[in-house]
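Enquirer: Given chain A, work out where chain B should sit, using these hints.
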Amino acid sequence: MSPRAACRLETLGCSGVYDYVPGKVDWLAHNLPVEGKDADLVTAGRLAQHDVVMCRLDERVGDVRELILASGYGFGLVTTADGVVLGRLRRSALDGDPKLRAEEVMEPGPSTVRPDTLAGDLAKRLADRELQFAVVTNPEGRLIGVVRRADLERAVSA
Amino acid sequence: MATGVWLEKLQELIADGAQLVEVLPEAEYADAHLPCAVNIPLKRLDANTARALERGRPIVVYCWDSL
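Heads up: the sequence lines are chains A and B, in that order. Residue 158 in our numbering sits at position 158 of the first sequence; the count goes up by one each step and never skips. Residue 215 in our numbering sits at position 57 of the second sequence; the count goes up by one each step and never skips.
Think of the hints as simulated: they come from the structure by calculation, not from any bench. Mixed in with the good hints there might be a few duds.
Here are the simulated lysine to aspartate or glutamate pairs, DMTMM-like style, with alpha carbons at most 20 Å apart [said to hold, decoys possible]:
| id | chain 1 | residue 1 | chain 2 | residue 2 |
| --- | --- | --- | --- | --- |
| 1 | A | K37 | A | D121 |
| 2 | B | K201 | A | E153 |
| 3 | B | K167 | A | D121 |
| 4 | B | K167 | A | E140 |
Chain A with its partners taken away, still in its complex shape (with noise of 0.2 Å):
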């Protein structure tokens, strides 16, 4: 639809017309702020805390296993510099030999969610699969943080 509202705009003398190709799910999927009705919706990304330990693909085990057992999640992220998830170190896998790397012990491509996604929808889903915590990324796969299902399921009753 924009390309052609693009082009119309063109014909009628507009100069300097750009489309923005992938539109508002886009948007909304990096977690962008938005105006309108649906602009004070409870989403994945409006609950998605930021403490989450994070480590890279070459960090030894060792050096991670203590702050991830101390956070409230009980597993890590592996993220490239930029953010982009890779992997998940889960809690059984930090009891082995404290020199492996964490890539060679992550569960890789863990799923995710986007940040738009509303918080009664995603605490079901949750629900559903007996999970607690869901990883919020945006397009690129670059981490927005973790919702815990208990945040979103008081938010939902509230």
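Expert: Positioned in the frame of chain A, the structure of chain B alone reads:
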């Protein structure tokens, strides 16, 4: 033909004072739109409605997605 842009360039254009135009129907615009965007639904886009746009400032149109 208009230039296609993605988020990074869009944000540069916004910072430079671009006008945002959502071309979806009014109800969808009312639900949620990008900050400061105006609504000119594609079906109502003509010389009259386009007159609301300032010439000389970049114009960025968008809809829901790339489809």
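Enquirer: All hints, please: hold or fail.
Expert: Results for each hint:
no., hint, in the structure
1, A/K37 / A/D121, "holds, 19 Å"
2, B/K201 / A/E153, "violated, 41 Å"
3, B/K167 / A/D121, "violated, 32 Å"
4, B/K167 / A/E140, "holds, 15 Å"
Checked against the numbered hints listed earlier, the structure breaks hints 2 and 3; every other hint is satisfied.
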